[in-house]
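Chains S, A, P and G are the protein sequences, given in the same order. The opening position of the first sequence corresponds to residue 4 in the numbering used here, with each subsequent residue numbered one higher. The opening position of the second sequence corresponds to residue 4 in the numbering used here, with each subsequent residue numbered one higher. The opening position of the third sequence corresponds to residue 4 in the numbering used here, with each subsequent residue numbered one higher. The opening position of the fourth sequence corresponds to residue 4 in the numbering used here, with each subsequent residue numbered one higher.
Hints may contain errors.
Said to hold, decoys possible - If you only want the chain G side, here are some residues facing chain P, beta carbon under 10 Å, derived:
1) Phe20
2) Gly55
3) Val103
4) Ala105
5) Gly106
As the list claims (entries may be wrong) - Some, not all, of what chain G presents toward chain P, calculated at C-beta under 10 Å:
6) Val6
7) Ser7
8) Ile8
9) Ser32
10) Pro41
11) Ala44
12) His54
13) Tyr60
14) Ala62
15) Glu82
16) Ser120
17) Thr136
No lab work stands behind these hints, which were simulated from the structure alone. Don't be surprised by glycine CBs; every beta carbon is placed ideally from N, CA and C.
Residue-level listing of the chains:
Number of protein chains: 4
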Amino acid sequence: MPVSIEAARQVLHAQSFSRLLDAELTRFSAEGVELRVPVTAQVTQQNGFVHGGVVSYAADNALTFAGGAALGPAVVTSEFKINYVRPAMGDALVARASVVHAGRTQAVCRCEVFSLSGGDETLCAIAQGTITTVGSRRDDA
Amino acid sequence: MPVSIEAARQVLHAQSFSRLLDAELTRFSAEGVELRVPVTAQVTQQNGFVHGGVVSYAADNALTFAGGAALGPAVVTSEFKINYVRPAMGDALVARASVVHAGRTQAVCRCEVFSLSGGDETLCAIAQGTITTVGSRRDDA
Amino acid sequence: MPVSIEAARQVLHAQSFSRLLDAELTRFSAEGVELRVPVTAQVTQQNGFVHGGVVSYAADNALTFAGGAALGPAVVTSEFKINYVRPAMGDALVARASVVHAGRTQAVCRCEVFSLSGGDETLCAIAQGTITTVGSRRDDA
Amino acid sequence: MPVSIEAARQVLHAQSFSRLLDAELTRFSAEGVELRVPVTAQVTQQNGFVHGGVVSYAADNALTFAGGAALGPAVVTSEFKINYVRPAMGDALVARASVVHAGRTQAVCRCEVFSLSGGDETLCAIAQGTITTVGSRRDDA
């Protein structure tokens, strides 16, 4: 069930919260996905850096789409873990995620989130998590 | 270095992203904190549930404030892990976090996030993470 | 599919590694499980404390049995996260785990690991993870 | 404070639990470390696979040594997360860990654990965690 980048972008666009943050899928393939979130005044915390919640959103969503590229469009993030390694700032966040191992109903994925400033990228967080097909969890809700 | 709920609310209010989400600190003490995020049309994903990124924001921020109640106001979340257990929906999310163990520069905290609907609460996620004082990490940035 | 403590102990006893560590199930019910691992000279690290790997074994296995009490005997830990909060030492480790949410094929569980010394207990680690029935993952191996 | 592989092996050898498991450091440098644990009858679980607790030991310890290569010999794992992706079996486990970001007192590291069978390697788990210098935590114990 290969999903095209156009179909994936429609899913992203159907997420009000992703529209609120102006998130954009800039890559989507079996090899990995890239999600970009512009840094604006509305996503900061008290010290002027990007709020950790926005970094975790980017990681979570990139993980979901990476899993979706392997499992099909109807997937959710079941769980993930994130380590923040540097304050996030700059012009945009770029989250790159890929599948480490996929079965039929679950994929384990990894993600790196970078601050993009001019042409420079600085790693600001890494994440790891499990993506699950929605059908396989319906009975678990 | 006890922090009052008024001071904590000022920190929350200084976070543009928390203002964007209309997040509110409804409890703040050494025993634990409670962060409430209204569920509006702008925080959903493609199936109409609250986006996981908003749930993780609520968990992350509640963890930070729980750590801050123990360590003082200048803290950040270093890392956390979240398991989503049910779709989040309803009128609001309520994230309750408390300190499990605190030293001088770090606190390990736990959080539960609930969907609030009418008077009913349903658990939708649990999280666990490390909060660190900013000074202790400055050399690590 | 309720599992008796006797049946659970047989599973534990069928784990060579648990026999090597002399681990014992001291409680096993839908409300939670308790796994006890004696502290001997063979489980320490270079500073004389219990090796983190033994603490993580105790957490991992207690999580699995807690999940098994809800899902049946054929379960594995899919993933977990652990925070070490104090050096582990004393006479024994006691890991207590319980289910936070269970579906038909997955359970999210939490665990606390204590150092037992004389009659005193000291928290040394907390963990959180996902337990999955083996059948539901067979196609995923 | 560069640590030689000989010094690192002495630390490993000073861990009774690592001696019990016959663990061996087969690589140790700033670029990453490799820890090998032979698979014997004593490290299995009830289905004949390597016990998850042994896999998590390998990941935890490889993470610690990777952090130690960056931070110096006196380090501990503060926290980590592991996803098991395939049953572990074969002749040996090989855990490879490297530093993603290091400050003065903390390092965030990643690890992959493989089953080694004949000349073949199969990924069985991935992990991510935080390594901390002991001095920086002494006041936190």
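Against the structure, the hints come out as follows:
Because the beta carbon of Phe20 (chain G) sits about 4 Å from the nearest beta carbon in chain P, less than 10 Å, this interface hint is met. For Gly55 (chain G), the interface hint holds, the least distance from its beta-carbon to any beta-carbon of chain P being 5 Å, beneath 10 Å. For Val103 (chain G), the shortest C-beta to C-beta distance to chain P is roughly 17 Å, which exceeds 10 Å, and the interface hint is violated. This hint is violated: Ala105 (chain G) has a C-beta 19 Å from the nearest C-beta of chain P, more than the 10 Å allowed.
Annotation: Gly106 (chain G) was flagged as interfacial toward chain P, and the flag is violated, the nearest CB pair being 19 Å apart, outside 10 Å. Here the hint on Val6 (chain G) is broken, as its CB sits about 13 Å from the closest CB of chain P, past 10 Å. Taking 10 Å as the C-beta cut-off, the interface hint given for Ser7 (chain G) is violated, the closest approach to chain P being about 16 Å. Interface hint at Ile8 (chain G): violated, since its Cβ lies 16 Å from the closest Cβ of chain P, which is beyond the 10 Å cut-off.
Taking 10 Å as the C-beta contact cut-off toward chain P, the hint placing Ser32 (chain G) at the interface is violated, the least distance being around 20 Å. Because the closest C-beta pair between Pro41 (chain G) and chain P is about 13 Å apart, greater than 10 Å, the hint is violated. Annotation: Ala44 (chain G) was flagged as interfacial toward chain P, and the flag holds, the nearest CB pair being 6 Å apart, inside 10 Å. Interface restraint check for His54 (chain G): the shortest CB-CB distance to chain P comes to about 4 Å, inside 10 Å, so the restraint holds.
The interface hint given for Tyr60 (chain G) holds, since its Cβ lies 3 Å from the closest Cβ of chain P, which is under the 10 Å cut-off. For Ala62 (chain G), the interface hint holds, the least distance from its beta-carbon to any beta-carbon of chain P being 8 Å, beneath 10 Å. This hint holds: Glu82 (chain G) has a C-beta 4 Å from the nearest C-beta of chain P, less than the 10 Å allowed. Hint on Ser120 (chain G) is violated. Least Cβ distance to chain P is approximately 15 Å, over the 10 Å limit.
At a threshold of 10 Å, the smallest CB-CB gap from Thr136 (chain G) to chain P is about 13 Å, leaving the interface hint violated.
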